[in-house]
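Participant: Take the sequences, apply the hints, and build the full model.
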Amino acid sequence: MLVVTPARASAPAPRIVTLYQGATDSAVALGITPVGVVDAWLEPPMYRYLRDDLAGVAHVGLETQPNLEKIAWLSPELIVASDFRHARVAPLLRAIAPTLSMPTVFDFKTTLSQMAEATGREARAEALLARWDARVADFRRQIIERFGSEWPQKVAVVRFKSDHLRIYTSGFAGSILSELGFAQPQTLTAQSWGMKLTSPENIPVLDADVMFVLLEPDDPAIADNYRRWSAHPLWQRLTAVERNRVFEVEPVSWMMGGGILAANAMLDDLYRHYQLRPAALADVSALADVSAFDESACAAVRENASC
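Be aware that the sequence shown starts at 1, since it is given in the numbering used here, and climbs by one per residue.
If you are wondering where the hints come from, they were derived from the structure by calculation, not from laboratory data.
Keep in mind that the hints are not guaranteed to be accurate.
Cross-link-like lysine to aspartate or glutamate pairs, in silico, EDC-like; alpha carbons within 20 Å at most [claimed, not checked]:
hint	residue 1	residue 2
1	Lys154	Asp269
2	Lys161	Glu248
3	Lys161	Glu216
4	Lys161	Glu250
5	Lys154	Glu242
6	Lys196	Asp163
7	Lys161	Glu43
8	Lys154	Glu248
9	Lys196	Glu179
10	Lys161	Asp218
11	Lys161	Asp133
12	Lys196	Asp224
13	Lys154	Asp209
14	Lys154	Glu179
15	Lys109	Asp83
16	Lys154	Asp207
17	Lys109	Glu122
18	Lys109	Asp138
19	Lys161	Asp219
20	Lys109	Asp133
21	Lys161	Asp224
Ranges between beta-carbon positions, derived for each pair [unchecked claim]:
hint	residue 1	residue 2	range
22	Arg227	Glu117	44 to 52 Å
23	Pro217	His164	35 to 43 Å
24	Tyr274	Ala58	38 to 46 Å
25	Pro44	Ala95	22 to 30 Å
26	Tyr274	Asp133	15 to 23 Å
Nothing here was measured: the structure is a model prediction, and the numbers come from that model.
Positions of the beta carbon are idealized from the N, C-alpha and C atoms, including for glycine.
Facilitator: Right, dumping it as structure tokens:
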């Protein structure tokens, strides 16, 4: 995972409250410690990869139901919210502090860029995104060299729950896989977000060249359901199963983190599962002085040079 050290900015960071996971991830990537964050979906109270950076930060409830009183008590100068989650309480949030509201919670690039613009950290965001673009280009080059005419692979992202499974075609993981050049199975191209499957009889819908299975840790019911589905004869006939391309991945970086740090962790997983070696790129985390981030630094990242 890309680790970004706290930054020294020319102006002090504003008091920010982040109301969705991707905004919290983005704040840390920009070198900002929020004064308030929402609880993590898993690994409560906060995802392990963010705990050190957010030690002692106040929690203001759930992403789907933030505690407005706690938010007001923190006297924020900026609230980062999402239309997707917070449209109903948006007027109340704006009464507390200026509110930056994103259309979705999954577009990590927009979240990072707009938060950077609101906090005077545009150059840092540009460097982070330039590094991301360089990593994407490197992965695409290597994966095409590896598979040749067999690329692009059709991909299925599957999340097991205790009594069903969900297959995702969009959202955080879906957008990243699309950017990397993966294709969707024909059975799923018409689905807006994906599908919910409750019967193993529908397993053929999952047929793809590669499958990534999201499993929530320490949940016996989910593990039992996964074993039940994966033991079914129809599962054994899936292309990804026959070719030994079913990979178990953790849901925090693949779905719930929602920011550029999580995106890089997901890309790390893909390099590892495909046994590819990431190209050596400039490490944005070493660039501690945000005021020194200029266009030449961003260009250096794009050219895989040392900043």
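Participant: Taking the hints in turn, state whether each one holds.
Facilitator: We went through each hint and held it up to the structure:
For a cut-off of 20 Å, the pair hint linking lysine 154 to aspartate 269 stands: about 17 Å separates their Cα positions. Proximity of lysine 161 to glutamate 248 is assessed by CA-CA distance (about 14 Å); at most 20 Å being required, the pair is judged to hold. Under the criterion of a C-alpha separation no larger than 20 Å, the hint pairing lysine 161 with glutamate 216 is consistent with the structure, at around 8 Å. For the suggested pair lysine 161 and glutamate 250, the alpha carbons sit about 14 Å apart, so the restraint of at most 20 Å is met.
A C-alpha spacing of about 14 Å is found between lysine 154 and glutamate 242, which places the hinted pair at or below 20 Å, so the restraint holds. Between lysine 196 and aspartate 163 the alpha-carbon distance is near 11 Å, which keeps this suggested pair within the 20 Å criterion. For the suggested pair lysine 161 and glutamate 43, the alpha carbons sit about 17 Å apart, so the restraint of at most 20 Å is met. This hinted pair checks out: lysine 154 and glutamate 248 have alpha carbons roughly 17 Å apart, not beyond 20 Å.
Pair hint lysine 196 plus glutamate 179 does not hold up; C-alpha atoms about 24 Å apart against a cutoff of 20 Å. Under the criterion of a C-alpha separation no larger than 20 Å, the hint pairing lysine 161 with aspartate 218 is consistent with the structure, at around 12 Å. For the suggested pair lysine 161 and aspartate 133, the alpha carbons sit about 33 Å apart, so the restraint of at most 20 Å is broken. Taken as a hint, the lysine 196 and aspartate 224 pair is honoured in the structure, with Cα atoms around 18 Å apart against an allowance of 20 Å.
Distance check on the hinted pair: lysine 154 and aspartate 209 sit about 5 Å apart at the alpha-carbon level, within 20 Å; holds. Straight-line distance between C-alpha atoms of lysine 154 and glutamate 179 comes to about 13 Å, which keeps the hinted pair within the 20 Å bound. Using a Cα cut-off of 20 Å, the hinted pair lysine 109 and aspartate 83 holds, with the two alpha carbons roughly 16 Å apart. Taken as a hint, the lysine 154 and aspartate 207 pair is honoured in the structure, with Cα atoms around 9 Å apart against an allowance of 20 Å.
With a C-alpha separation of about 12 Å, the suggested pairing of lysine 109 with glutamate 122 holds against the 20 Å cut-off. As the CA atoms of lysine 109 and aspartate 138 are separated by approximately 19 Å, the hinted pair is consistent with the 20 Å bound. Restraint check for lysine 161 and aspartate 219: satisfied, since their Cα atoms lie roughly 9 Å apart, inside the 20 Å limit. For a cut-off of 20 Å, the pair hint linking lysine 109 to aspartate 133 stands: about 11 Å separates their Cα positions.
At roughly 10 Å between alpha-carbon atoms, lysine 161 and aspartate 224 fall within 20 Å of each other, so this suggested pair holds. At about 47 Å, the beta-carbon gap between arginine 227 and glutamate 117 stays in the expected band of 44 to 52 Å. Distance hint check for proline 217 and histidine 164: the Cβ-Cβ separation is about 19 Å, which falls outside the suggested range of 35 to 43 Å. Checking the proposed 38 to 46 Å range against tyrosine 274 and alanine 58 shows it holds: the Cβ atoms sit about 40 Å from each other.
Separation of proline 44 from alanine 95 is about 29 Å and conforms to the stated range, judged on CB atoms against 22 to 30 Å. Between tyrosine 274 and aspartate 133 the beta carbon distance is about 19 Å. The supplied range of 15 to 23 Å therefore holds.
Checked against the numbered hints above, the structure violates hints 9, 11 and 23; every other hint is satisfied.
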